[in-house]
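Make one complex out of these two single chains by using the hints.
So you can see what is in the structure, the chains are spelled out below.
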Amino acid sequence: MTKIGYKLVLGFGMFIVILIAHSVLGQLTTDQALETHDRLTTKIEPAVALLNDIRTANKELYLLVANKVIDHKNSSTSNRIKQIIEVDLPYFISNMVLLKKSLEPTDPRNKNIDTVAGYASKSILLIEEINSLLLTSKDYEDPIKIDMTTDLLNNRLSVFSTEIDNGISFLLRKYKQELENKVAELSNELQSNSRFFLLTSLLFIGFGVVITYRNTRAIVKPINALMNSVRSIQEGNYENKVSIKGNDEFSMLGTAFNQMSESLKSSFDQINTKNKELEQFVYIASHDLQEPLRTVNSFTDLLEKDYKDKLDETAAIYINFISQASHRMSLLVKGLLDYSRIGGNKELTKVKCNEMLDALKDDLSTLISTENATLEVGILPELGVYKIEFRLLFQNLINNAIKFHKPGIPPIVKITAAEEKDFWKFKISDNGIGIKENQKDKIFGMFQRLNTQKEFAGTGIGLAHCVKIIEMHGGTITVESEFGRGSTFCITISKKLI
Amino acid sequence: MGSKIGIDKNIKVVMLRLCLLLIGISIFSACKSEVETINIGYIGPLTKRATDLGIAPANALKLSVSEYNANRKAGEPKVNLFVEDDQWEKENSMPAYEKLRREHDVKIVFVSNTDGTIAISDKVLDDQVILVNPLNNDALLSALNQNIFKIAKSTEEANSLIAIRIIELGLKKVIIMHYPNDFMTMASNSCKKILDESGIENRVVTVEKENVDFKDELKSYKEAGYDAFVFFGYKEFGFAMKQARELEITAPFFGSTVLLDPDYYENSAGTIIGTECSFFTPADGNWVLANEFLNRYKSTYGENPFSVWPPLQAYDAMNLVLNELRTLNSTRGNGQLFDEWLRQRLFNVKFFQGTCGNISINTDGSSRGIYFSLYKYEAKGKLLKVKR
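Listed in order, the protein sequences are those of chains A and B. Under my numbering, think of the first position of the first sequence as 522, with each following residue one higher. Under my numbering, think of the first position of the second sequence as 216, with each following residue one higher.
So here's chain B without its partners, still in its complex pose (with noise of 0.2 Å):
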């Protein structure tokens, strides 16, 4: 009996020791852990509107991924890239990126619309999960909260170009039409404001989300005598466009970066050509990083984007962030967390040498670097800079 509870007790003795020798084991394999996959996301439009904005910009992130992971070494985190479609609509947004995180723990948020930027800007504060928008970069933007990233062109930089050409163009009574989204509204406004300051009379009207009619708009606008007019939307300007040269209006056209969706001028019916807009072409940035990345993406999609800046922006914004992503294990400090870490890294990136041209991250989390010209629409799916 005495020998029967002295083997018990060594058996409990030994368990505990097992446990214990367990839980240390587990606990230091927590500490020393690394972390081998990050999930990303990408919401963005897919379908219905602005796709130049949307698909481009994701197959340019999945290729940055892929030449990511097949280039990793040891240590390096392996990254999964998912993509959800948001149709251009703020309000698709929101349940993209809900699937996303709970379909897939996303990390990084990567959104294109400005819009439904704004829109899930407290949530992924909240999951300390970090958003980089990869096509606009504004005050409004860079006014919500830090972990929000503006890895692109200054919005109100490159529509202001529109302003300072009908300047020197001498016009002087601009009409200037906007699609009711933040970024066209944003492109208004700081045209808008450069006219302003130079005195040149101007309007700035709103136009509905799916209005195709605008006849009775550019009568009137004809009738007031403007001698400028601004799209400043999407491809239902096309129709607009068609309609005032229908009235006979002869006034120059300018429109924004959007300006090569293959609708737009379908629906232009040819009438855009001529149209001065806001553009960014490989000259504007670094010539041969930007060659290289459209000749893999020729070879690995089969096609050119028809608008090549979007891509561009997306492929040195997705390196921007994966360069950093590749020090994660050896960088980020014990209990640190995954948000705090990597926007710590993405400020301090004061020299990132992309497509688009040597990037900085200014503390507001908005980029510098990304600098757009004037282009002239010269034939279908064709720009051509503007000799000033």
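Excised from the complex, chain A in its bound form (with noise of 0.2 Å):
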């Protein structure tokens, strides 16, 4: 795995695992919690109930068997006595044993509990004896049964009531003191719970902030150092070397760039150089091109006009065509001359567009009255740009707005600028023939025409002008047209030029 993914993953992982941990410790103490609260609500309040019923039910029992005995209230007794001696106390004398399972062996409360449980069995077997003797009201007439009952009552009814009393009151002093017991160590749970969630909380808070600032910077400083690097790049600084220390991917990768920035240096300067040749060479060639062609043309005029007579007409025609093709290519020539020159002016001068443009439009006077068109031009603003070559930008975009007008339209040509936040744009827009979807991508080559001789003379070398000067002025050139409705350039001009 790589070091930056090493980082990452340990990152990560640490807090994978601390998460895990937290939890896990999390867990055990709200189980031990839970295992109190279970053991509270499941055990000692059942528990505590039982015992209160049974202590309730013991105190009626008594009461009633008092009554019965006693007061001679037999018939209203009766049944509710049968009801706790038949139902209730041997039901609370099962669930007893079930109370008894659920404490240790050695648990002083078994003790207890048999004794509750033995007594109450014994009080229901004396009570049922106390109901045989006193079946009728007639029984409460005899003194030997009111004696016996009296007995029972008073000396051994009595005696287990208060046996089963005390026993309960133990059970209940032990229960109720495992019940605060439990409740202090469940309140005890919950709040060491709390203070260890805040400590650990607070400690891998901490811990994550420290993880985290060290993976970050790790891994954002070496990028910013990058990001420095190809903004310097992006402004032709080839020399910069970026400087990552250590030696993980960060640092094999400042490595490489270097390597790369330096690759693209070599390659910028024999591109540079070849485009120098290429130039110089379209300079030779077109400049020495000329003089030929001028000498083709001296001699094709002389023909022309010297031997018009003695030339039959099919003579005529032939030279007739030689002469208007050595005059276009002689334009082509002029052409390719006037594109290896652009760019030969290295000097910045401030220009005032609107002053410049009132210029161009007198330059322009003959083709714009020829054509009947008309020149808008909104407030422009003054710029520090390539003089010659912008006023040729813009001579050609116009002369392109009046030239390609619609038959029998007079042209109507618009400019204006607006304000960017690094650059000016401008809008040259016509009411012409417009471009052809298509088309669009054509325009900006170098002899590209997308009409022929005859509707629209020129070389096709314009627009590749105006694109050679506007990468000049670090801008951008592209054209929204629809088709038979006009054309709209939009120039950009960086404000930054060096």
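Keep in mind that the hints were calculated from the coordinates and are not lab data. As the structure is a computational prediction, the values presented were derived from the model and not from experiment. Be aware that a few hints might be false.
Derived pair list, reagent style DSS-like, types lysine-lysine, alpha-carbon separation capped at 30 Å [to be verified]: (1) K293/B / K338/B; (2) K908/A / K935/A; (3) K591/B / K594/A; (4) K659/A / K600/B; (5) K408/B / K594/A; (6) K407/B / K666/A.
This is the structure:
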């Protein structure tokens, strides 16, 4: 795995480990608290409720039997007594057996549970005996039965009842003590849980912040260094080297980046050299081609002029073709020469665009009046530009706008400018013939023509000039057009020309 | 040819696997299947005689079942109740039971009539059906078999109240006339036993089933000097009461738990008033639960039962059984028979809070916790507790 990968995995791994540890510890403490709570709700509270039920039943039973024996209230009490001794108490006794099972064998409560259950069982038998003795109201008239039942009540049932009550008191005290202990334990556990979570959370948050900071720094710092170098290269400073310490991927990336920038510099140098050579070649070729072309043109003119009557009609036509072709070639060569000259001027000059366009309007006055064109110029800025090329740019665009007008419709050319953050945006729009969608990409190529010489004369190099001029000015040139409805050329001129 | 044989073989293998899968799924489903519905039957007197022991209990059972079904949770079986009329004749019990088994495959049957319970007791054991008598609980029923449960008052205990009352009143010579069925015979015998133990002269007489003319017997009893008349039977004894008063017998009358049958009053022409009997009202059980039940009963059926203890007992008995049935799918062991499971569950009921009181089930299938008191017939359809 990569070193950055290790760092990231380590960071996330640490987080996951911490999270798991936190969860496991939390679960353990919660389980402990739940166990205590479970003990409270399923063991202690039901036990206390059962003991209270037994105590209530025992007291009620004693009072009912006392009423039956002493106050002779036989019929009104006997059904309830039966209910208690036949259903309630046996049920409680069976529950006490279950209660005992929930205790440790050494628990002192076992003995008391046995005592209470034992005396409850004895009470049942005793009351059944009393019931059999006092079956009807006639039995109350029998002093022997009354003596016997009074004795059973006072000397035995009262003892059983007291023993049951004492046993219940002891058990209740123990269960309440356990209840209090468990409640305190639960409270402590909850408090310690809360503290534990707070402390570990703080610890883990701090740890997390450190890990995040270190990892983020380890990643962001070299990225920033690379970004700065990229920007520097964008500005043409190929000498800039990125410096990233360490031996991780970013350091390797930095080294590769430096190698790439050196390679780029070398390539750009070679391209520039080749470009210069090419321009020189174009210049020399176009310049040197002019001389023989002038000779051809001169002699062709002489032939047309001096041998007009001596040549037959076919020869005159051929000479005319030669003359036209050589003149067109002259124009092409001139265009090439002009193209190669663009960029020769390295001096930026402040140009007031409106003044420049006024002068341009004068230069194009013949064309404007011939074509009955209207030139509408908005408020334009003053810019630091390469003056001759900048003027040529507008000249070409206005010239095209007038030239490619719709037959019979006077051309209207509008020039506006708008300021953007890093550049000025000019729009040159016309109401001319427009450009088909699939031809928009072609128009900026050298010697590209969309129309025949017959329709519109020209060399097809004007917009190529414009592209080169715009590049000199760090801008872009685009066209928006709808065929048959005119075109709008958008050009941008950088504000940061060096 | 070889390719065809290969394809056939593949199809056979696939079919075999599918069959095995289906068999596996079926076995798995059978093992894991839950009981979704349990059918329960009720056989009681809806016509002819003792309808107070049949109509209102049937309504109470229906109410209990509908409340259970309305509140049952996922995994708890649905319960259907089917009712058959036995006209309080034991001869009708078996056909009614067989009809319930044949048409509804009932797994539990509630039977009001003690003789009817005895009549079908062997059959229910053979059929692995649990029988619950929701009205009577006596020693004879407890001696039948392990599938018979009696969630009701103790017959002997309830009727012994009459004997105790006779002793209290200092009456010396008692004639006990009873209808010829098990319940009334038991009632008479339990009463006689206590009277014998107290040395009070008494005589037990069994009457004819459809007899409505008791003049001759009554005249002889009057001449013999009986000072207490006990009528353990149904509405026919209303005629006996009327005829006794017409013979100017002034001795107090005592009756059983069925005095509130409206026909009883009509037959007696009002001479039933003053008769003391053992009876049960909400005040003798869980007053709150009993009254809630009676209110629901009235809102459901538009009237109160004229005798409250039969529907109260039936309602408790059905609720107690349904309380166990709701655990059927979670507590029944694999392969455990339904009657075996329910029997064990019912034997373990030691404290069920019902409208009649806190009920427990004994190991012989009898129950404890429902206790009758002594009441006096005060006016038509009205009993008052006797202050002693």
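| message | What's the verdict on K591/B and K594/A, does the C-alpha distance respect the 30 Å limit or exceed it? | response | Measuring from Cα to Cα gives roughly 19 Å; hence the hint holds.
| message | Does K666/A sit within 30 Å of K407/B, going by the straight-line distance between their CA atoms? | response | At roughly 23 Å apart (the allowed maximum being 30 Å), K666/A and K407/B satisfy the hint.
| Is K293/B close enough to K338/B, meaning Cα to Cα at most 30 Å? | holds, 25 Å
| said: Checking one constraint from the list: CA of K659/A to CA of K600/B, max 30 Å. Satisfied? | reply: holds, 20 Å
| Between K408/B and K594/A, does the CA-CA distance stay at or below 30 Å? | holds, 24 Å
| Holds or violated: K908/A to K935/A, with C-alpha atoms at most 30 Å apart | holds, 21 Å
In summary, this structure violates none of the numbered hints.
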